[in-house]
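Engineer: Sequence:
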Amino acid sequence: MSKENNTPLEKLFGSKTRTKLLSLFFGNPERSYYVREMTRVIDEQINSVRRELLNLESIGIIKNETYDNKIYYSANNKHPYARALVMLFSSRTD
195 MSKENNTPLE
205 KLFGSKTRTK
215 LLSLFFGNPE
225 RSYYVREMTR
235 VIDEQINSVR
245 RELLNLESIG
255 IIKNETYDNK
265 IYYSANNKHP
275 YARALVMLFS
285 SRTD
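Residues in the sequence shown are numbered consecutively from 195, following this note's numbering.
Hints listed in this document are in silico derivations from the structure and should not be mistaken for laboratory results.
Idealized CB from N, CA, C, for every residue including glycine.
Using 20 Å as the maximum straight-line C-alpha spacing, the simulated DMTMM-like pairs for lysine to aspartate or glutamate come out as follows:
{"#": "1", "residue 1": "K264", "residue 2": "E231"}
{"#": "2", "residue 1": "K264", "residue 2": "E224"}
{"#": "3", "residue 1": "K264", "residue 2": "E251"}
Restraint ranges, calculated between C-beta atoms of paired labels, are given here:
{"#": "4", "residue 1": "S285", "residue 2": "Y261", "range": "28 to 34 Å"}
{"#": "5", "residue 1": "N263", "residue 2": "N199", "range": "34 to 40 Å"}
{"#": "6", "residue 1": "Y266", "residue 2": "N199", "range": "29 to 35 Å"}
{"#": "7", "residue 1": "I253", "residue 2": "S284", "range": "16 to 22 Å"}
{"#": "8", "residue 1": "G208", "residue 2": "N263", "range": "30 to 36 Å"}
From just these sequences and the hints, can you work out the full model?
Structural biologist: Okay, here's the thing in structure tokens:
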């Protein structure tokens, strides 16, 4: 995909998949998702989703916990930028 077709948030965050994941997590900050569920919801490839989950987890913006042998990911609401991200992604219209 050409960079010219990216939304302003995709340009800001550097990745369409990362932007979709941030929107998913911080648009619904109390909800947890497992990997395959995320791939369906945001309509992205599993390898791309896994790569971005590692990136986001490494900076502490998301967290994970295991339940029923599945790893669930959610927004880390204690992260210093969590509140700003909730405000940003809860107001998205695109």
